[in-house]
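Residue 85 is where the sequence shown starts when you use the numbering used here, and the numbers rise one by one after that.
Take these hints with a grain of salt, some might be off.
[What the hints assert, rightly or not] Have a look at the derived ranges for each label pair, beta carbon to beta carbon: (1) K178 / P134: 38 to 48 Å; (2) Q96 / E175: 14 to 24 Å; (3) I123 / Q99: 31 to 41 Å; (4) R128 / D91: 28 to 38 Å.
Source of the hints: derived by calculation from the structure; they are not laboratory data. C-beta: ideal position from N, C-alpha, C; glycine also.
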Amino acid sequence: MATHAEDGIVRQSEQRLGPFSTLCADVTGPWFEARGRDIAARSRTKQSMPNRHKVGILLLCEEHGFTLHWCTFPSRTRDTGALRDLVGTIEDRKWVLNVPLVLDLAMGSAGALARRWSSTLRFLTP
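Using the sequences and the hints given, assemble the complete structure.
Structure, rendered in structure tokens:
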């Protein structure tokens, strides 16, 4: 479920710019030279650099680039798992209804995601 802070961010954005026409979600895995946060774990980066302390970061932005939701997670969490959790968090929010959610091509096809998660959200992949 979205936090009160996120509800406030959404409300402010909608008041300033109107209803959302598109939402964009992406997952990234930054790594640390030092140990990093407690949830950082050693793994290979997307650039194939071995043995780095990484965390996962998921961002959900509206079409102008303003962040509406974010979370960090252990680096060994698959991108699709983080995205599934995002869908569960936002799918019952009114501001998401009938707004396409744009996902990275690596996340799979929109149809496959919709079937897998039985979600009411609309998906779009490049």
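Structure-based check of all given hints:
Checked against the hint of 38 to 48 Å, the C-beta distance between K178 and P134 comes to roughly 45 Å, which is consistent with it. For Q96 and E175, the hinted distance range of 14 to 24 Å is satisfied, since their beta carbons lie about 22 Å from each other. The beta-carbon spacing between I123 and Q99, approximately 34 Å, falls within the hinted interval of 31 to 41 Å. Range check, R128 to D91: about 37 Å between beta-carbon atoms, so the 28 to 38 Å window is met.
The structure fails none of the hints (numbered hints given earlier).
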